[in-house]
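Chains as they are written, first to last, in our numbering: chain A, 2 to 114; chain B, 210 to 323.
Since the hints were derived computationally from the structure, they do not count as laboratory data.
On a predicted model such as this, the values are computed, not experimentally measured, just so you know.
For every residue, glycine included, the Cβ atom is placed at its ideal position computed from N, Cα and C.
Careful: at least some of the hints might be erroneous.
[Unchecked claim] Per label pair, the in silico range of CB-to-CB distance:
#1 B:Met236 with A:Asn31: 20 to 30 Å
#2 A:Ser40 with B:Ser263: 25 to 35 Å
#3 B:Gly225 with A:Glu18: 45 to 55 Å
#4 A:Glu56 with B:Ser270: 36 to 46 Å
#5 A:Gly41 with B:Thr274: 22 to 32 Å
#6 B:Asp247 with A:Thr78: 29 to 39 Å
#7 A:Pro9 with B:Thr321: 27 to 37 Å
#8 B:Pro217 with A:Ser40: 17 to 27 Å
#9 A:Lys57 with B:Gly306: 31 to 41 Å
#10 A:Ser69 with B:Glu272: 37 to 47 Å
#11 B:Asp247 with A:Thr85: 17 to 27 Å
#12 B:Asn262 with A:Asn19: 46 to 56 Å
#13 B:Met236 with A:Thr85: 36 to 46 Å
#14 B:Met236 with A:Gly41: 39 to 49 Å
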Amino acid sequence: SQQGEEDPQALSIQEGENATMNCSYKTSINNLQWYRQNSGRGLVHLILIRSNEREKHSGRLRVTLDTSKKSSSLLITASRAADTASYFCATASMNSGYSTLTFGKGTMLLVSP
Amino acid sequence: EADIYQTPRYLVIGTGKKITLECSQTMGHDKMYWYQQDPGMELHLIHYSYGVNSTEKGDLSSESTVSRIRTEHFPLTLESARPSHTSQYLCASSDPGLPGNTIYFGEGSWLTVV
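Let's have the full structure, built from the sequences with the hints guiding it.
Here's what the structure looks like:
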């Protein structure tokens, strides 16, 4: 069974609005990462949050982690059309000895001008 | 910008053909991975390697095979392609020195088997 599950599956917003995506996972982790994938391309690492951290910022990105609820959220503020992409959370879980990342199904974000 | 390259980017082949997807990275990373991703779907880890002469099967069973003779090179081979192998294959690498096993991906190889 997959480790990460993003919600919503798809999100459509206007430029300038904020976009929030959520990720839930099942087993103990030592970190959670968010990646972005433009259509037909590879994934690009956005941000990593460790299990002992609760919030992290990087530019217009804000990530939170709640280990008690086994969930994380990614907030993109003041979105732009160029933010249109799929966003995946990934976890390094104890099950894999923290040696590999497991990805969720992703949230497809569409930002309209 | 990640220095990891995949060829071919797009490939259409007939059933029963043997194909090799190439993956090379110039970052000197020890760990390399192959993920399979159908359009709009999640990524599934099919193979990974800790270094030269190391290969491991991933979470998703795959009929493909891999080899790791050189650090920078991690090719994936399908001996006899079938339409069910149609998918995007993503190669990636990481270094233990990077925080949290951060992965760098190639641009992907789109395989269509007709």
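Each hint tested on the structure:
{"no.": "1", "hint": "B:Met236 with A:Asn31: 20 to 30 Å", "result": "23 Å, holds"}
{"no.": "2", "hint": "A:Ser40 with B:Ser263: 25 to 35 Å", "result": "33 Å, holds"}
{"no.": "3", "hint": "B:Gly225 with A:Glu18: 45 to 55 Å", "result": "50 Å, holds"}
{"no.": "4", "hint": "A:Glu56 with B:Ser270: 36 to 46 Å", "result": "38 Å, holds"}
{"no.": "5", "hint": "A:Gly41 with B:Thr274: 22 to 32 Å", "result": "26 Å, holds"}
{"no.": "6", "hint": "B:Asp247 with A:Thr78: 29 to 39 Å", "result": "31 Å, holds"}
{"no.": "7", "hint": "A:Pro9 with B:Thr321: 27 to 37 Å", "result": "30 Å, holds"}
{"no.": "8", "hint": "B:Pro217 with A:Ser40: 17 to 27 Å", "result": "19 Å, holds"}
{"no.": "9", "hint": "A:Lys57 with B:Gly306: 31 to 41 Å", "result": "20 Å, violated"}
{"no.": "10", "hint": "A:Ser69 with B:Glu272: 37 to 47 Å", "result": "41 Å, holds"}
{"no.": "11", "hint": "B:Asp247 with A:Thr85: 17 to 27 Å", "result": "20 Å, holds"}
{"no.": "12", "hint": "B:Asn262 with A:Asn19: 46 to 56 Å", "result": "48 Å, holds"}
{"no.": "13", "hint": "B:Met236 with A:Thr85: 36 to 46 Å", "result": "28 Å, violated"}
{"no.": "14", "hint": "B:Met236 with A:Gly41: 39 to 49 Å", "result": "23 Å, violated"}
The structure does not agree with the numbered hints 9, 13 and 14 stated previously, though it agrees with the rest.
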